[in-house]
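These protein sequence lines map, in sequence, to chains A and B.
Read in order, the letters of the first sequence correspond to residues 1 to 116 in full-length UniProt numbering.
Read in order, the letters of the second sequence correspond to residues 1 to 88 in full-length UniProt numbering.
Simulated from the structure, these hints should not be mistaken for laboratory data.
Given the structure is predicted, the values throughout are model-derived calculations rather than measurements.
Wrong hints could be hidden among the right ones.
What the simulated footprint calls covered on chain B by chain A, stretch by stretch (three residues with Cβ under 8 Å from a Cβ of chain A suffice, anywhere in the stretch; the number is not a length) [to be verified]: (1) 29 to 39; (2) 42 to 55; (3) 64 to 75.
Residues from chain A that keep clear of chain B, each with C-beta distances beyond 10 Å, as calculated [claimed, not checked]: (4) D5; (5) E59; (6) R61; (7) R90; (8) R95; (9) L99; (10) D102; (11) A105; (12) E109.
All C-beta atoms in this analysis are idealised placements derived from N, C-alpha and C, irrespective of residue type, glycine included.
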Amino acid sequence: MSWLDLFSAVCLIAGAMSCLFGAIGLLTFPDVAARLQAATKPQTLGLVLILLGSAVHLELRYASGLILVGLFQALTAPVLAQLVGRAAYRAGSVRHETLDTDHLARRIERERGGTL
Amino acid sequence: MGVVFAITFGLLCLAGLLSLVRLLLGRGTLDRIVALDVFITLIVAATCVGMGLNEDGSNVALVAAFALLAFIGSVSAARLVEKKESHR
């Protein structure tokens with residue numbers, strides 16, 4: 001087992017563990033906002049680690065494609081989290097007693113005051 | 001090295017099973033959207049593990065297309081839910 005294989009093995013196992021923790025969080029957390037937290041951060045980290053671990057075994061032209069996939073995931077996960085979080089807030093499936101501060105409530109109040 | 005690939009694949013399958021449970025239990029459309037996004041990410045990861053195992057990278061285009069489709073689908077579904085809620 002060479003050093004490159006060792007590096008790949010560590011990356012693969014750590015990435016799979018991270019994905020598993022994300023899925024456990026998705027199953028056990030109480031509301032949409034908390035589940036979103038579990039669904040984006042550990043998943044992105046896990047996917048990037050797995051891409052890194054398997055890119056070591058491939059030719060250079062394919063490995064560059066995998067780097068592109070990782071970059072794409074890192075860019076799109078925050079966008080998705082933002083959109084789903086906002087939709088969840090407006091749909092009323094966020095528990096307000098668990099929030100520390102609530103900047104959106106004031107803004108929605110002002111928007112409603114402006115339109116009515 | 002084969003043992004490492006087997007362990008990785010097993011962990012990913014377990015994670016996929018858990019996200020499928022969340023997808024079936026649901027409690028709202030947004031939960032299902034999030035669970036489906038996680039599931040597709042896990043499929044992408046598992047495909048990459050398979051590519052590393054076979055040392056054959058010809059599925060890179062498939063992986064990229066899956067990542068793109070997951071993003072577009074989830075975003076449009078979330079927009080739809082938000083639009084429906086704001087018209088209430």
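We went through each hint and held it up to the structure:
1. 29 to 39: holds (count 7)
2. 42 to 55: Holds, because 9 residues of the region 42 to 55 of chain B bring their Cβ atoms closer than 8 Å to Cβ atoms of chain A.
3. 64 to 75: Since 6 is at least three, the answer is holds.
4. D5: The assertion about A/D5 is violated, with a minimum of 6 Å to chain B.
5. E59: violated (6 Å)
6. R61: Since the minimum Cβ distance to chain B is about 8 Å, A/R61 lies within 10 Å and the statement is violated.
7. R90: violated (5 Å)
8. R95: holds (13 Å)
9. L99: Since the minimum Cβ distance to chain B is about 17 Å, A/L99 lies beyond 10 Å and the statement holds.
10. D102: A/D102 is indeed farther than 10 Å from all Cβ atoms of chain B, at 18 Å.
11. A105: A/A105 clear of chain B: closest Cβ-Cβ about 15 Å, beyond 10 Å.
12. E109: For A/E109, whose nearest Cβ neighbour in chain B is about 15 Å away, the distance exceeds 10 Å, so it holds.
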